[in-house]
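S.K.: Let the sequences and hints guide you as you build the complete structure.
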Amino acid sequence: GIQVEQSPPDLILQEGANSTLRCNFSDSVNNLQWFHQNPWGQLINLFYIPSGTKQNGRLSATTVATERYSLLYISSSQTTDSGVYFCAGNAGNNRKLIWGLGTSLAVNP
Amino acid sequence: NAGVTQTPKFQVLKTGQSMTLQCAQDMNHNSMYWYRQDPGMGLRLIYYSASEGTTDKGEVPNGYNVSRLNKREFSLRLESAAPSQTSVYFCASSEMLGQARSGANVLTFGAGSRLTVL
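Protein sequences, first through last, are from chains A and B. If you want the numbering used here, it's the position in the first sequence, counting the first as 1, plus 65. If you want the numbering used here, it's the position in the second sequence, counting the first as 1, plus 189.
Computed cross-link-like contacts, BS3-like style, restricted to lysine-lysine with a CA-CA straight-line distance of at most 25 Å:
1) B:Lys246 - A:Lys161
2) B:Lys198 - B:Lys246
3) B:Lys260 - A:Lys161
Simulated from the structure, these hints should not be mistaken for lab results.
M.R.: Right under this line is the structure:
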């Protein structure tokens, strides 16, 4: 089946540092989305980014669908950025989202 | 605007007991989903409903049943709970399923329901 790989699986940052999270698909991807799950479990959609680049405050995302990957940039990280970041997308002709296993981020003060 | 509301937030069951997780959305979305989340396994789709009146199996449907009661509500039932069903369950909704027009399958999640089966 289609594989979604997120890297790195775990990341520890000092507050103020920048980071890049990556999401690779083994097949062509559509409708790529990034989510953040906070330490209390709430899942929030960060970006709908089927292609190109979007920015929202300190976060930005870039998807290169032809190369089957997406990147999430976090700049000037804050402790509230801690949690797990998931990517998900429709791969091939599959109408259901396929999910990565996430990147667990801890931002220390 | 409540978004997606699921109840209960916590539940402890004994093996063999039954229960229903309730989910309601107020965004007039057509599609609704039930996921389970287990450590190290990410989010796995249990069942989904592309539109009112339809339901389909996801990756891990065994041991569960669903009902799309109306456009707003989508419930998940465990008929005979097993310890393997100990998990955190999430309900989600989207305007449409799959390869619809741009952005229509963006998911909104409920707060989650933590279920423990002893």
